[in-house]
Amino acid sequence: MKNFMLFVFVVFCTQIYGQRSQKPWTNSPNYKQDLIEAQKESLNLKHLAKYFEKTNQNNNMDVKNAEKQSSLSGGISFVNGLNLAWIQYGRDVGVDPFFSSNQYHPELNKFGEAMDFVKNQGGNVIRWWYHTNGSTNPVFDNNQTVKPNPSFFHEDVKNILDLAKTKGLKVQICLWSFDMLKDQWGVDASANKKLLTQDYYMNAYINNALLPLVNFIGDHPALFAWEIFNEPEGMTNQYAGHWDGFKERITMSDVQKFVNRTAGAIRRAQPNVKITNGALGFLTNVEDADNGFWNAYSDANLKFQGNDNQGYLDFYNIHYYKWARSKGSPFHNRYDVNKVDKEAIIGEYYPDDLFFGQQGGDNDHNLSTIRAENLGTAIQNNNWAGTLVWSWTDRSSSNERNRIAAIIKNVSDNDTGGDPGVIEEVSFNNALTTIVSKDSYTFDINYSAKTDREIVVEFWASDRWLGEQMEPVSSGTGIKSITVNLPNAPQLGSGYFYKVYIRPVGTTWQEAIYRTEFTGVTVITDINDEVAFVNPDSSIEPKTSYTFNVDYSAKTDREIVVEFWAPDRWLGEQMERVSSGTGTKNVTVNLANPPQPGSGYFYKVYIRPIGTTWQDAITRDEFTGVTVLNDQLITDGTYYITSTQSNQRIISRWREGHSAKMRNPRNNTDQRWVFNHLGDNVYTIKNRSTNRYLEVRNANCSNRADVMSWYSANDDHQKWKIMINESSFTILPIHCQQKALDRDGGLINANVQLWDFNSSNNNQKWNIIPYTSSRIRFSKSDKHEAGEILMYPNPAGESVYLSGLDAGDKIKLYDLLGKMIKEFVAGQHKEMLLISDLEPGYYNILIEGKGQVRLLKE
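Start counting the sequence shown at 3; every next residue gets the next number (my numbering).
Please note: incorrect hints may appear among the correct ones.
What the hints assert, rightly or not - Result set (BS3-like, lysine-lysine): computed pairs, CA atoms no more than 25 Å apart in a straight line:
| hint | residue 1 | residue 2 |
| --- | --- | --- |
| 1 | K167 | K149 |
| 2 | K160 | K195 |
| 3 | K112 | K167 |
| 4 | K195 | K167 |
| 5 | K324 | K545 |
| 6 | K545 | K112 |
| 7 | K329 | K545 |
| 8 | K112 | K411 |
| 9 | K501 | K329 |
| 10 | K411 | K440 |
| 11 | K169 | K411 |
| 12 | K149 | K160 |
| 13 | K195 | K249 |
| 14 | K545 | K814 |
| 15 | K482 | K557 |
| 16 | K112 | K149 |
Read the hints as simulated data drawn from the structure, not as lab findings.
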């Protein structure tokens with residue numbers, strides 16, 4: 003009987019724990035080394051970027067997400083600290099999965115030792131792993147579903163944060179690591195995969211484990227941020243199929259969806275806390291197709307996979323190890339807002355001298371070694387948002403700890419405060435490529451500085467330094483004029499160049515924060531005064547400011563003037579001063595008002611002696627034949643949105659739940675839509691009857707997503723991009739521009755929906771026809787009321803008549819790009835407009851002061 007009971011117990015335990023790994027527990031010393039060796043296997047990054055191109059939403063919009071950019075939390079302008087990342091791997095807070103009576107609590111004295119280390123070097127943040135691999139935390143039931151947390155989980159995390167608060171530090175809590183799918187002690191990789199990929203299990207985790215902890219911690223003063231993942235790319239075959247030890251795999255789409263859903267849940271529960279994620283490297287967190295990098299964690303990409311508008315990150319964490327070489331190195335590449343749309347902390351790197359051997363045909367082995375103690379300041383000087391060294395646990399020898407201490411202390415000593423949003427750099431402003439030989443040259447330098455700095459300009463011959471000048475600047479941005487005096491005028495010839503760099507006050511060229519140079523300079527004896535436009539635009543949009551590039555040569559200091567002219571009058575001008583020599587000058591002309599759409603505009607430029615007038619111009623250039631386009635495809639006003647395949651229109655009525663439907667034309671206001679231009683041909687579209695705005699229900703971004711109307715139009719799923727599609731229009735929702743407004747199956751009385759955008763799909767082609775008031779309307783004959791203007795016939799082939807005009811009415815015909823095709827003044831009550839020479843399609847006819855109508859040329 004005892005043997006039978008023992009057998010039953012063994013079977014029961016096998017059923018409960020059979021999924022969990024029985025491998026021996028270790029504290030994972032040298033945790034990163036095996037991974038770094040594995041990652042040295044070359045990845046075809048450009049192939050991977052191409053693979054993800056079809057789901058990369060950054061291809062459809064501006065990289066920048068300015069509306070979601072956030073500063074770092076708690077008044078920290080630059081993160082400076084280290085990765086703990088654990089005291090006991092996976093066991094700092096948890097329950098033994100095999101013996102539930104065994105509880106794991108944080109060894110606060112050891113946490114305090116690491117915190118004191120950071121504090122004493124002037125650091126401010128520690129990164130600590132919470133779930134880690136899921137071996138002891140969260141708690142699962144027998145169906146692999148996450149159960150509610152034991153209350154001590156919350157108390158233990160708070161105790162760690164309370165301790166950090168007493169040290170004046172903050173903690174970035176990393177929830178999960180890619181180890182959650184590996185064969186490690188206590189890990190149920192199958193259960194973990196379910197919570198990553200299946201909504202039921204994911205929601206159980208969010209509701210039972212994540213949100214109770216997040217709400218218990220709240221906006222704790224020592225909480226820096228919640229970090230969703232450590233290097234989740236490690237769980238995918240695309241980026242880490244060659245990594246050993248995994249029992250399960252997921253996709254990048256699974257990763258993005260989980261980040262989106264958990265971030266959204268945290269944000270709704272605690273709106274004031276910050277949320278981040280730890281990327282494997284530049285390869286998945288920087289938008290740079292040339293190097294095979296893409297940003298998987300942008301707002302657009304996360305929302306595309308998880309469909310939660312609140313599921314975005316406040317800032318990024320990007321990791322670096324030598325396998326990424328210099329092209330993936332934050333020590334060799336400056337933070338670039340055009341490639342990384344949020345602040346980015348370098349969340350992991352080794353505290354070792356950084357140098358490269360020969361590999362893959364690059365030239366990295368020729369780069370200078372960066373000493374370990376200078377790694378943090380290199381990140382700082384390259385304008386990244388912070389540095390967290392790896393790691394307290396991995397690097398425990400005295401030499402290693404000394405290097406970590408030096409990194410943190412040097413960053414602290416180098417952190418002069420200032421504006422954390424300023425990227426420190428310098429550049430030449432319109433430097434000259436051809437100069438007259440003399441012993442003094444003045445350079446205009448664009449600069450931005452976080453705090454007081456020094457700017458140095460150097461003048462070089464091809465083989466030697468000739469002279470330099472240093473000038474101090476205050477924090478901020480501006481243009482600094484710097485004059486370099488030479489002992490002798492340079493010899494005639496080519497190969498000269500200029501250098502400029504910005505450095506901390508009282509330092510040398512070796513401490514330069516940023517440097518650049520201007521090459522290809524030629525020294526000559528004398529030149530003629532000349533000016534010419536460089537590739538001026540013949541078609542421009544109506545604006546109040548235009549910038550022109552002007553090539554010039556000047557015998558001595560001169561003034562260059564650019565004028566902007568309408569056909570019959572001067573509109574504006576700008577004068578800029580140039581030094582002797584040759585070069586290209588950018589001249590910006592500001593106008594009182596945008597020019598009206600039309601043709602016949604032209605530009606003038608001339609060069610003159612300083613302090614004179616246009617009458618003293620030495621030489622001139624003129625560019626004619628300029629057309630001002632109408633950049634707004636749809637003029638603000640009321641329209642019918644009509645199928646190109648039938649005469650049915652979009653309506654939205656209360657009795658149909660405000661869903662958008664196709665219905666036959668009637669003279670009802672529920673078929674009329676008010677278009678309001680927001681810029682860049684993005685519009686809100688409001689129903690004239692209900693004053694509700696056209697939107698995609700629940701911001702859905704899938705095929706057959708329902709289109710309806712709502713009370714407001716503040717979000718992207720309530721704004722629409724209008725595009726010309728042959729002789730009609732395509733309408734795209736801003737939140738989901740890979741889909742288009744579509745008539746379900748092209749049927750009569752169809753539902754209006756979203757469907758994958760295809761420019762050849764006739765169900766996505768729309769006529770946007772102006773609603774004509776009593777002043778202007780379509781007709782089939784010359785029968786009209788007093789004060790009313792008729793246009794007939796419409797559509798038309800050879801000619802169209804306008805009746806009810808007043809003598810002197812100005813009539814203009816535009817194509818859909820806003821280019822004026824015809825213009826004339828009415829001489830009588832009725833005029834005929836010949837259109838036989840026009841290409842088939844839609845045109846706008848404008849009667850100034852009275853309105854416009856849309857004409858279809860057959």
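Hints and how they fare:
1. Straight-line distance between C-alpha atoms of K167 and K149 comes to about 30 Å, which puts the hinted pair past the 25 Å bound.
2. Distance hint between K160 and K195 is unfulfilled; the C-alpha atoms sit about 28 Å from each other, more than 25 Å.
3. Only pairs whose Cα atoms come within 25 Å are accepted, and K112 paired with K167 is accepted, the gap being roughly 16 Å.
4. For the given pair, K195 sits about 35 Å from K167 by alpha-carbon distance, which is inconsistent with the 25 Å threshold.
5. Distance hint between K324 and K545 is unfulfilled; the C-alpha atoms sit about 49 Å from each other, more than 25 Å.
6. Taking the CA atoms of K545 and K112, the gap is about 63 Å. The hint is violated against a cut of 25 Å.
7. As the CA atoms of K329 and K545 are separated by approximately 39 Å, the hinted pair breaks the 25 Å bound.
8. As the CA atoms of K112 and K411 are separated by approximately 21 Å, the hinted pair is consistent with the 25 Å bound.
9. Between K501 and K329 the CA atoms are separated by roughly 24 Å; this keeps the pair inside 25 Å, and the hint holds.
10. Straight-line distance between C-alpha atoms of K411 and K440 comes to about 47 Å, which puts the hinted pair past the 25 Å bound.
11. At roughly 16 Å between alpha-carbon atoms, K169 and K411 fall within 25 Å of each other, so this suggested pair holds.
12. Between the alpha carbons of K149 and K160 the distance comes to roughly 20 Å, so the proposed pair stays at or under 25 Å and holds.
13. Taken as a hint, the K195 and K249 pair is honoured in the structure, with Cα atoms around 10 Å apart against an allowance of 25 Å.
14. Of the pairs offered as hints, the one joining K545 and K814 holds, with about 21 Å between alpha carbons and a cut-off of 25 Å not exceeded.
15. Restraint check for K482 and K557: the C-alpha separation of about 24 Å stays at or below 25 Å, so the hint holds.
16. Taken as a hint, the K112 and K149 pair is broken in the structure, with Cα atoms around 29 Å apart against an allowance of 25 Å.
The structure fails to meet hints 1, 2, 4, 5, 6, 7, 10, 16 from the earlier list, while all remaining hints are met.
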